[in-house]
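Spelled out, the chains give:
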Amino acid sequence: DAGVIQSPRHEVTEMGQEVTLRCKPISGHDYLFWYRQTMMRGLELLIYFNNNVPIDDSGMPEDRFSAKMPNASFSTLKIQPSEPRDSAVYFCASSFRGAAFFGQGTRLTVV
Amino acid sequence: AQTVTQSQPEMSVQEAETVTLSCTYDTSENNYYLFWYKQPPSRQMILVIRQEAYKQQNATENRFSVNFQKAAKSFSLKISDSQLGDTAMYFCASASRGGAQKLVFGQGTRLTINP
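Chains as they are written, first to last, in our numbering: chain V, 1 to 111; chain A, 1001 to 1115.
Any given hint could turn out to be false.
Sample of chain A residues at the chain V side, in silico, Cβ under 8 Å [unchecked claim]:
#1 1045
#2 1053
#3 1054
#4 1055
#5 1101
#6 1102
#7 1104
#8 1105
#9 1110
Here are the in silico distance ranges between beta carbons for each label pair [what the hints assert, rightly or not]:
#10 V:14 with A:1062: 25 to 31 Å
#11 A:1083 with V:54: 18 to 24 Å
#12 V:10 with A:1085: 41 to 47 Å
#13 V:27 with A:1013: 17 to 23 Å
#14 A:1070 with V:3: 44 to 50 Å
#15 A:1064 with V:84: 48 to 54 Å
Derived by calculation from the structure, the hints in this document are not laboratory data.
Backbone N, C-alpha and C define an ideal beta-carbon position, used for all residues, glycine too.
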């Protein structure tokens, strides 16, 4: 397996634009997590899914953030409209029986 | 609620020395996992070692080992014969073993190995 695949690796966008981050988890994994990492706040869990169903989205900072998992092999995290304070590295991870494996992250810069 | 605390923001040792990173956690679960992840400058999050709470034996992976003290809710990572490539941020994390397996991270410890 190629591991967790995230796209794009880097994204620069203007304030107010919609941003969509994509994730393909490892086949057979039943949990999928979205994290945000910043220097100030460290690693924050935004939302996670179990068998494609959102379990806990209490970490999603605002209604501007939304996440979907339409099937077992794909998830998106959308920010609309984006703001400069959304600039961060966004990680997707998938797990099976506890151990989570991470994608390489998307570095988002909102200018 | 699960919480994970790493009280050492930064550590620095000489190459070949042994270093121990501290982690404490809190959970109401009886059955859970504990992990150490490494994040080098490349920013990739790499799973270093995993411990299942019901196992009394401490996990080891080559130069990496843990000291798991369940009653004290302590889970430290020992790196033996440290190498320059061990320079990274290290994160301690916990996840429930049953039910919703929410993976929660500590704040991280920045480890520098000096030549």
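Hint check:
1. The interface hint given for residue 1045 (chain A) is met, as the beta carbon of that residue sits about 4 Å from the closest beta carbon of chain V, less than 8 Å.
2. Using the Cβ-Cβ criterion of 8 Å, the hint placing residue 1053 (chain A) at the interface with chain V is not satisfied: the shortest such distance is roughly 10 Å.
3. Violation of the interface hint for residue 1054 (chain A) is found here, the shortest Cβ-Cβ separation to chain V being roughly 12 Å, above the 8 Å cut-off.
4. Here the hint on residue 1055 (chain A) is broken, as its CB sits about 12 Å from the closest CB of chain V, past 8 Å.
5. Look at residue 1101 (chain A): its Cβ gets to within about 6 Å of chain V, closer than 8 Å, so that hint holds up.
6. Taking 8 Å as the C-beta cut-off, the interface hint given for residue 1102 (chain A) holds, the closest approach to chain V being about 6 Å.
7. Given the 8 Å rule on beta carbons, the hint for residue 1104 (chain A) holds: about 7 Å separates it from the nearest Cβ of chain V.
8. For the restraint placing residue 1105 (chain A) at the interface with chain V, the shortest Cβ-Cβ distance is roughly 5 Å, inside the 8 Å limit, so the hint holds.
9. Look at residue 1110 (chain A): its Cβ only gets to about 11 Å from chain V, farther than 8 Å, so that hint breaks.
10. Evaluation of the 25 to 31 Å hint for residue 14 (chain V) and residue 1062 (chain A) yields a failure: the beta carbon distance comes to about 47 Å.
11. In this structure the supplied range 18 to 24 Å is violated for residue 1083 (chain A) paired with residue 54 (chain V), their Cβ-Cβ distance being about 41 Å.
12. For the pair residue 10 (chain V) and residue 1085 (chain A), the beta carbons lie near 25 Å from each other, so the given range of 41 to 47 Å is not met.
13. With their beta carbons about 39 Å apart, residue 27 (chain V) and residue 1013 (chain A) fall outside the hinted range of 17 to 23 Å.
14. Take residue 1070 (chain A) and residue 3 (chain V): their Cβ atoms lie about 32 Å apart, and the range 44 to 50 Å is violated.
15. Our hint of 48 to 54 Å for residue 1064 (chain A) and residue 84 (chain V) is violated, since their Cβ atoms are close to 39 Å apart.
The structure fails hints 2, 3, 4, 9, 10, 11, 12, 13, 14, 15 (numbered hints given earlier, in ascending order).
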